[in-house]
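**Student:** One-letter residues, chain by chain:
There are 2 protein chains.
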Amino acid sequence: MKFKNKAVFFAALFTCTISIAQTHKSLEDFKPSSVNQPGKAFPQVNSEGRVRASILATDAKKVQLDIGGVKYDMVKDDKGVWTGESAPQDEGFHYYQLNIDGASVPDPGTKYFYGAGRWGSGIEIPAVDQDFYALKDVPHGLVSENIYFSKITNSFRRCFVYTPAGYEKDAKTRYPVLYLQHGSFEDETGWPTQGNANLILDNLIAAQKAVPMIIVMDNGYAYKPQTGESAGRPVSVFEEVVIQEIIPMIDAKFRTIADREHRAIAGLSMGANQTMRIIMNNLDKFASYGGFSGTSNYPSSAEIEPITFLDGKFNDGAAFNKQIKVFWLGLGTKEPNPFPGSVGAFRKMLEKQGIKYVYYESPGTAHEWLTWRRSLNQYAQLLFK
Amino acid sequence: MKFKNKAVFFAALFTCTISIAQTHKSLEDFKPSSVNQPGKAFPQVNSEGRVRASILATDAKKVQLDIGGVKYDMVKDDKGVWTGESAPQDEGFHYYQLNIDGASVPDPGTKYFYGAGRWGSGIEIPAVDQDFYALKDVPHGLVSENIYFSKITNSFRRCFVYTPAGYEKDAKTRYPVLYLQHGSFEDETGWPTQGNANLILDNLIAAQKAVPMIIVMDNGYAYKPQTGESAGRPVSVFEEVVIQEIIPMIDAKFRTIADREHRAIAGLSMGANQTMRIIMNNLDKFASYGGFSGTSNYPSSAEIEPITFLDGKFNDGAAFNKQIKVFWLGLGTKEPNPFPGSVGAFRKMLEKQGIKYVYYESPGTAHEWLTWRRSLNQYAQLLFK
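Residue numbers (my numbering), protein chains in the order written: chain A, 1 to 385; chain B, 1 to 385.
Source of the hints: derived by calculation from the structure; they are not laboratory data.
It cannot be assumed that every hint is accurate.
No copy is singled out in the list; a pair is fine if it fits within one copy or between any two copies.
With a Cα cut of at most 30 Å, we get these calculated DSBU-like pairs of lysine-lysine [what the hints assert, rightly or not]: (1) Lys224 x Lys31; (2) Lys31 x Lys151; (3) Lys76 x Lys61; (4) Lys62 x Lys76.
In this text the structure is predicted, and so the values were computed from the model without any measurement.
Bound-form chain A, shown alone (with noise of 0.2 Å):
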């Protein structure tokens, strides 16, 4: 199963860390994180991006500061404060904890996020691009907790719909849906917490860049309920729970346009994967795709061959380009592998078939947030037109 490969190579990614003291000198114009708590002074970035990190641990031996994959010491005060600093990290959202004497926890400043299979601590270093996911005075569509028995999981599942602003106001207006998934060890909170969403399509909807639309954001994570026989590995079902079940139902319940033009998908990472494999399967139920530092050809950067690939369903390219209205890729300049390998053989293949798709770098940006709201950003703007 794909997951539990992805599973284990993102552990090592995690826990592949190294202990740094600090040497370096740091500008002294450190601001309390736009993520903290209410009222909380620390963590704290800098204009190069470093991370100040501050707690009172009076009987500490060792507190470390964790992010990015490496562990930077902390040095305590005569009153038993301990504050340390990180290298300068990537513009954007980042996942962090603090380990005091081995304990790994989440900093008690921060708000708390879930990313990397916990909820945990979050810090935005600010992006020279910041403006397009802010928080403005703009109208703001609603955020929709949406809560839902689902008989193919058997099991209570959620997910959030983004209506844009104005779909109160008009009982007539019918709306295009975007379907858009988080990546792995994620959930349906990514994109409208830390991925920006409504806030980038508020901003969008506003300066008209973007058509009115609603999201539906739901968790990829969705699995064959196990009976004692047939326990062990688990089945997914997402695709199942997708098609039978979750667009029915925004169907049902939101006033959409239902119908495969006015019908997007996208994802990024795990869910990059995913939803290519959902529209590819159901070109009846979507005309527009959005993959976002993922394939379906992931984690392999070997040739492609389209005759086997996904069912040869990019095998007539001329076809392909009938059916399809907007086929777009993103990728941070910056990631690491297997991204740019499985990403640069699937495009291989695209243009070998005489597909057309949009492609887009973000710069500077990792496997990460940034790379995932400038993908939605730039990805938006382009459907149901």
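Fit chain B to the known structure of chain A by using the hints.
**Tutor:** Leaving out everything else, chain B in the frame of chain A:
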């Protein structure tokens, strides 16, 4: 200022803790708490209501579980895992934290909740009547995050809006509205998260015990913007925000019945105090009130003079009874002072004035969320009938 006094009172409540070493023998029927992060085995709760926490902290000297104002010493095993238990806790939801060598941090096993002035850990002790706030296979309403810019405070604010199941389907039906407020050191996330307000109403409406209604949950902290010259004590303008900004916004954005008979207001603790003032100052806007563990004479238990109290609004009992549809007070039987004293003095005044009201006691609960979930469950059944 009232809030300042409360701040001191609550700070005292939360920091006055004692250290307790384990000597008891617990029943070994511990199960993971229902509000743990996905896949996390700890914290756990047993049938006595004891909380068992566990955390890896290989190099720590002292780790404690800090719950209900008491710090319980945890014990280290040979792998560096610390485990410890609390005394039995009251049924319902409690905030708590861990203490690792002097650092107070959230438990990485739980989801996080805003209370006690921070985002931190919470735990759920199963209650005898937990069915009324359980997630069940009934039609579910939506909880929508609504961001708005407040001119009065010159800041972005947020409310959560519950719309009952079926709201989206029939574009003509209009609904009554309950404005529902959190307590001190909490925020607008309290009722839709640890309060389970949406699930309580979903279940009541499905059982036809409550009228379908909209619920608006905003943030009770709202202050006049401070200029350089006026900087000093913050001045609360929450009442102005409710009357001049929130109500017009909700009536414009949602399909409400926009008259006083179809508008109710309620709150818990600080919110009970605030909302009583708001309804009494705005009887043209609201016809029903719910005070959960709080009244506007807080924290005094002295006899109330109806001629002067809240500008004499309770002085004419007969007129009061004509104007108010539901006047409702609730309190937990285990609430600490000053709550029983101030609510008791308030009830005496009501009785002296011949004012009709409903009084509810939540058995075996203190100044905590089970008292308030039960209060909402009782109060909502009486509204708009």
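**Student:** If a hint holds in the structure, say so; if it doesn't, say that too.
**Tutor:** Against the structure, the hints come out as follows:
1. Lys224 x Lys31: Answer is between: at 24 Å across copies they meet the 30 Å cutoff, but 47 Å inside does not.
2. Lys31 x Lys151: between (48 Å within a copy, 26 Å between copies)
3. Lys76 x Lys61: The answer is both: 9 Å in one copy and 17 Å across copies each meet 30 Å.
4. Lys62 x Lys76: both (9 Å within a copy, 18 Å between copies)
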